[in-house]
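Peer 1: Using the sequences plus the hints, can you model the full thing?
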Amino acid sequence: MRTEDSILTAFQKFAQADSDELSTLIQRRREELDISKRQMTRVLDISQSSLDRILNGEAQTIDVVKLLKLSSFLQMNLEELVQSYVASAPQEKVRELEDVRAKSFIVSNFDLEGLRKVGFVDSITDLEAIQDRITTFFGLDSVFQYRREVARPLFSSSRNPGRDKMKEFWVRSAYHQFEKRPNPNEYDREKLLDLVPQIRQYTRFEESGLTTVAKALYEVGVTVIGQSYLPFTQVRGATFVVDGKPCIVVTDYRKDYGTVWFALLHELGHVLYHLDQIRSFTYHLSDDTDKMLVEDEANYFARELLLSEEKLDYIEPLIENPEVVERYAQKHDIHPSLIYSFHAYRKYVEEGNDSGYKKYSQYRVSPEKALEPIRCNPWENETAVDDIDKALNNLAGG
-4 MRTEDSILTA FQKFAQADSD ELSTLIQRRR EELDISKRQM TRVLDISQSS LDRILNGEAQ
56 TIDVVKLLKL SSFLQMNLEE LVQSYVASAP QEKVRELEDV RAKSFIVSNF DLEGLRKVGF
116 VDSITDLEAI QDRITTFFGL DSVFQYRREV ARPLFSSSRN PGRDKMKEFW VRSAYHQFEK
176 RPNPNEYDRE KLLDLVPQIR QYTRFEESGL TTVAKALYEV GVTVIGQSYL PFTQVRGATF
236 VVDGKPCIVV TDYRKDYGTV WFALLHELGH VLYHLDQIRS FTYHLSDDTD KMLVEDEANY
296 FARELLLSEE KLDYIEPLIE NPEVVERYAQ KHDIHPSLIY SFHAYRKYVE EGNDSGYKKY
356 SQYRVSPEKA LEPIRCNPWE NETAVDDIDK ALNNLAGG
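Residue numbers (the working numbering): -4 to 393.
Since the hints were made in silico from the structure, they are not lab data.
Not one of these hints is a red herring.
Derived EDC-like pairs (lysine to aspartate or glutamate); straight-line CA-CA distance at most 20 Å: (1) K160 - E144; (2) K250 - E367; (3) K250 - E201; (4) K385 - E367; (5) K342 - D308; (6) K175 - D238; (7) K98 - D127; (8) K88 - E75; (9) K175 - E377; (10) K175 - E375.
Peer 2: See below:
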């Protein structure tokens, strides 16, 4: 490790250190060697006045060479030495170091421009305000608790945080809500198996169908909320396990009603058949970068329950005739917009563009009304749990 890195690490840990003051250590070492102050300054090759300023916390700067000299004399590593120096520093110096440490933590762990774009922060340069925003939002005493306490079970040694700060913020926010507001109902897999085949018919009710289904799922121990999509995260849905119970998030990705329903059934497929694997992964995201081997199985599960490949094959040659599509949708208890969404997605996969979504946009439906009763848009609120309280009240029948 470089000398500068060792010093930085020491300063990062000084707040938790319980070290003797540097002057005490030097005095103890001088007595141990039985040498005078004059002899000691000769050994260190540091003037007495310079040493006094260091020991009194009056030195404006301490170069690395002086630190190395003291480290060698005291037979301490740099981290221990710096902790002892900070222990003897004036309080205003300590506060200044702590302030720099907090600001460094913020710029290292948060996508400030991304958070500004979604309205979470007003400025990317007012780091004091950003620190207050983060601690209030998550209910933290210190910004450093973001990594140690917010969604801590998700980021153990088995799954380290990725490089995508915005996606990590989205994940931590979602889990934090579920953790603070756990589902009181026990998870019942058998009841969920009975419930799932009935879901398709509720897609026909644009405003109430999704909430009706989410209420039924809540009663069997599966919590479902809608959480606003964050730009560039590409997350359509997610599954977490909190207190042994499945928790699902669906987003308004693509602003498409059919995509919301597909995401819900996709995640329910994971809950029913891959829950142990999700526990080992700690969470699952349905996005364009996910590498879980069971994604195809969850996709197949969702398609079969909503609109199988065979049914889509049958109606696609008639897709230009909305009246025929409507009758076909009624026959199969599905909202017609899902047929256009599935067709558009197939073209997207085959051709790699959004032409299908654009071409049939007049037949597709916005998910806004469907998501509204269970929507959580925490970025606009003071705390992360403001919206989930309202959503869970709707799910619990309040």
